[in-house]
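Trainee: Sequence:
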Amino acid sequence: GKQGGETEVLEEVNVLRKHGTDYLLIFTNLRYYISTSRVNWDIAKLTRQDVAKWTPYQWRKILSSLKEYSYCNVRSVYLAAGAQDILIYSLNERTKAKERHLFSCARLGVIDNIAKVFRRYCTDDLG
Numbered sequence: 002g003k004q005g006g007e008t009e010v011l012e013e014v015n016v017l018r019k020h021g022t023d024y025l026l027i028f029t030n031l032r033y034y035i036s037t038s039r040v041n042w043d044i045a046k047l048t049r050q051d052v053a054k055w056t057p058y059q060w061r062k063i064l065s066s067l068k069e070y071s072y073c074n075v076r077s078v079y080l081a082a083g084a085q086d087i088l089i090y091s092l093n094e095r096t097k098a099k100e101r102h103l104f105s106c107a108r109l110g111v112i113d114n115i116a117k118v119f120r121r122y123c124t125d126d127l128g
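According to our numbering, the sequence shown holds residues 2 to 128 in order.
Careful: at least some of the hints might be erroneous.
In silico PhoX-like links for lysine-lysine, alpha-carbon gap of 25 Å or less [stated by the list, open to error]:
#1 K117 x K99
#2 K97 x K68
#3 K97 x K19
#4 K68 x K46
#5 K46 x K19
#6 K19 x K68
#7 K97 x K62
Distance ranges between label pairs, derived from CB positions [unchecked claim]:
#8 T96 x D51: 17 to 25 Å
#9 R61 x A81: 20 to 28 Å
#10 K62 x T22: 15 to 23 Å
#11 L109 x E7: 30 to 38 Å
Please keep in mind that the hints were generated in silico from the structure rather than gathered at the bench.
Bear in mind the structure is a predicted one, so any value in this text is a computation, not a measurement.
Glycine included, each C-beta is placed from N, C-alpha and C at the ideal position.
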């Protein structure tokens, strides 16, 4: 997609756990997305090669289950010991109420990569 003439570029696609359930997180250069419902087990085993082979139909199906978030509303991002948990504090775009998302991932490096994306695109100094 495009926002203000800028092309949206896919940065990261990850499956993370929240309350024992797998959710899809997609990060682009313009915004990030979190699935509104649990993802299927086959999606939880995604690789970059799998994503590259998705058809337009698969993309539409996946994108329709995502909620869009803006990097400018992120207030802080915290990594837990061992870098397997990430806590994201943000403001709701519409209501400006605080939202809190806690995700975990046992795969090494995934949480670190996500934190790097937030550091790159968030305008505020992140805690």
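Trainee: Check each numbered hint from earlier against the structure, then list the numbers of those it violates in ascending order.
Mentor: 7, 8, 9
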